[in-house]
Amino acid sequence: MTAPAIPAETPAAEPVAAVPAQARRRMFRRNPWGHAWFLEGFTWLYLIWSLVPIALAVLFSFNKGKSQATLQGLSLRWYYKDPVNSVWHDPALHAAVIQTVRLSVLTTIIAVPLGVAFALGINRWRGYTSSTFNFVMILSFVIPELIFGVAMFFVFTVLFTTVHLGTVAEVAGLVTWNVSWPAIIVQARLVTLGRQYEEAGADLGANQFQVMRRVMLPLLGPAIFASAVLVFSGVIDDFVIVDLLSSNATNTPMSVIIYSTQHGGNGGPALNALGTISLVMSFIIAIIGYIGYRWLTRGERGSRLDALATIAGSEKFEP
Amino acid sequence: MKRQKKNAFFIALAAPGMIWLAVLFIVPFYAVLAIAMGKLNQLFESPVAVWNPLQWSSENVIDVWHDLFGSAAFAGPIVIRTIVYVAIASALSLAIGYPAAYFVARFAGRRKALFLVLLIAPFWISYMMRMLAWVDLLETGGYLNKALGWFGISPVNWLGGKPATVILGLVYGYIPYLILVLYAGLDRIDSALIEAGRDLGLGRIRTFVRVTLPLSRQPILTGLLVTVLPMLGDYFTNQLLSGAASTSMIGNLIEGQLGTPGIEGQGAVLSLLLLLVLLIPMIYYVIATNRSAQVAS
Numbered sequence: 001m002t003a004p005a006i007p008a009e010t011p012a013a014e015p016v017a018a019v020p021a022q023a024r025r026r027m028f029r030r031n032p033w034g035h036a037w038f039l040e041g042f043t044w045l046y047l048i049w050s051l052v053p054i055a056l057a058v059l060f061s062f063n064k065g066k067s068q069a070t071l072q073g074l075s076l077r078w079y080y081k082d083p084v085n086s087v088w089h090d091p092a093l094h095a096a097v098i099q100t101v102r103l104s105v106l107t108t109i110i111a112v113p114l115g116v117a118f119a120l121g122i123n124r125w126r127g128y129t130s131s132t133f134n135f136v137m138i139l140s141f142v143i144p145e146l147i148f149g150v151a152m153f154f155v156f157t158v159l160f161t162t163v164h165l166g167t168v169a170e171v172a173g174l175v176t177w178n179v180s181w182p183a184i185i186v187q188a189r190l191v192t193l194g195r196q197y198e199e200a201g202a203d204l205g206a207n208q209f210q211v212m213r214r215v216m217l218p219l220l221g222p223a224i225f226a227s228a229v230l231v232f233s234g235v236i237d238d239f240v241i242v243d244l245l246s247s248n249a250t251n252t253p254m255s256v257i258i259y260s261t262q263h264g265g266n267g268g269p270a271l272n273a274l275g276t277i278s279l280v281m282s283f284i285i286a287i288i289g290y291i292g293y294r295w296l297t298r299g300e301r302g303s304r305l306d307a308l309a310t311i312a313g314s315e316k317f318e319p
Numbered sequence: 001m002k003r004q005k006k007n008a009f010f011i012a013l014a015a016p017g018m019i020w021l022a023v024l025f026i027v028p029f030y031a032v033l034a035i036a037m038g039k040l041n042q043l044f045e046s047p048v049a050v051w052n053p054l055q056w057s058s059e060n061v062i063d064v065w066h067d068l069f070g071s072a073a074f075a076g077p078i079v080i081r082t083i084v085y086v087a088i089a090s091a092l093s094l095a096i097g098y099p100a101a102y103f104v105a106r107f108a109g110r111r112k113a114l115f116l117v118l119l120i121a122p123f124w125i126s127y128m129m130r131m132l133a134w135v136d137l138l139e140t141g142g143y144l145n146k147a148l149g150w151f152g153i154s155p156v157n158w159l160g161g162k163p164a165t166v167i168l169g170l171v172y173g174y175i176p177y178l179i180l181v182l183y184a185g186l187d188r189i190d191s192a193l194i195e196a197g198r199d200l201g202l203g204r205i206r207t208f209v210r211v212t213l214p215l216s217r218q219p220i221l222t223g224l225l226v227t228v229l230p231m232l233g234d235y236f237t238n239q240l241l242s243g244a245a246s247t248s249m250i251g252n253l254i255e256g257q258l259g260t261p262g263i264e265g266q267g268a269v270l271s272l273l274l275l276l277v278l279l280i281p282m283i284y285y286v287i288a289t290n291r292s293a294q295v296a297s
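The listed protein sequences derive, respectively, from chains A and B.
For what it's worth, our numbering labels the leading residue of the first sequence as 1, then goes sequentially.
For what it's worth, our numbering labels the leading residue of the second sequence as 1, then goes sequentially.
It is possible that part of the hints are untrue.
Here are the simulated lysine-lysine pairs, PhoX-like style, with alpha carbons at most 25 Å apart [stated by the list, open to error]:
1. A/81 to A/66
2. B/146 to A/66
3. A/64 to B/162
4. A/81 to A/64
5. B/162 to B/146
To spell it out: a stretch of chain A is covered by chain B in this simulated footprint if at least three of its residues, at any positions, have a beta carbon under 8 Å from a beta carbon of chain B; those stretches are [what the hints assert, rightly or not]:
6. 67 to 76
7. 111 to 122
8. 239 to 253
9. 275 to 285
No lab work stands behind these hints, which were simulated from the structure alone.
We treat Cβ as the ideally placed atom computed from N, Cα and C, and that holds for glycine.
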């Protein structure tokens, strides 16, 4: 797409200036690769609208004063200097950061192996049961989170009552909600790989475990890595499930604290600081994800754009 | 014999995931059903799940029916409001998202990676942080009101239950998903088709209408689903940006009933109703994203 644009623009630059305005307009309309200034301006406006508010919210987290709306000088007061209300010193905020990390780690550790094994098994075991379960897994991917959260809330308050609302219930809900990432991404990768590697391994005398460990797992490495990144960052961002399944300050993660405190009218720049911390965490994961994915797929033909789209979870939206 | 052994290996691989889904996805929905069709413990006002379908009672369903359609129905208007808000918000998202996705997919050229990074940046920013950003801007003393002040407009209480604010929040919250779907779809359109349209004498606009637009029907539909499904279950956007009963949506209704003694069963009925309505678009989405092939195979 880039290739035709460059030769079309550079040689045309001189004659264009010479022709009258009307003809130039016609040429502009005729050239399918001509630059779309209006669309570009529109896109920039959208991006400004999309990103500037967040930049301001980050800025307010460094506010010297108590306001979330006007900047009164910069300080680290809301991160750790304030002895009472800073993220570092307020026990609820402090606990929220730890809880978010804990949930992300636990969920990733459980959901990724579970989903990868599920994908490998379902993909090769053809039968009515396997397709039914695959369909159930995909439904868990598209169901609105509130409906799923309601189901989780009821199952832990009415049926599995020995598991009280709290970290265990949260992890259980988050694993179910996120297990479809590895399951779907690995299945997609299996489809593109085909069976020849597996068969070659078997022909050379490897048994099924050896085929899995020596052949399939290395080939699936990028897919597994990408899904781990998506699960981890998905949990950082998750709100509904943890909101419905958390019970007290020790098991409430950042997203829920931001919501409930702001909604209760007690917001302050400390919340912006909390949001900024979660943003930085997500960005670090995204950067690690991008670099790691590029490194793992370095022998392949995939582009930077593919890596970006994969790390953003485009697998959810396209076949 | 060998085939059976092979199958056993793969069944063993899939088993943990299947058991997990059975216990923590299928059973929970049965629990919702058992509560929806269950009774109320009058003493504690807590829901009593009835597991045997033969003993199901219609108490909760009848209550919800009255809430929705009865003489003192308060849920009916909420449902209509939800549909209106979501319709406006998704139409706006499409109107904003399509040109942006179209530009990046077709015209961004060498700067495509830069635009893509900026477009997907919101995916990496916690939803609550993004809403908090708007709360900051829209506060009575916030920057928006200050900007309006320069034009002599007196401060507006944006966060005091304004439908426009809620719709803005929904658009802002879910538009990145729509744009990513549209981008992926538009990027796949073979540029040779567009060139062919031009070669055959169509103008810029007619090429768009006759070639690009029909080819983007599928991404538009999928993209709208990706935004509409979560919008219908959203309660937090509304709660943060308005919090007023006059703008509450079906998500707020369900979430509010969860913590309230006595009407939790009705919350179960409502969420099942919502699921029932959304099942058709959900299955359509599964088929549209071609995962049906994986299901069938």
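Quiz item: Which of the listed hints are not met by the structure?
Solution: 3
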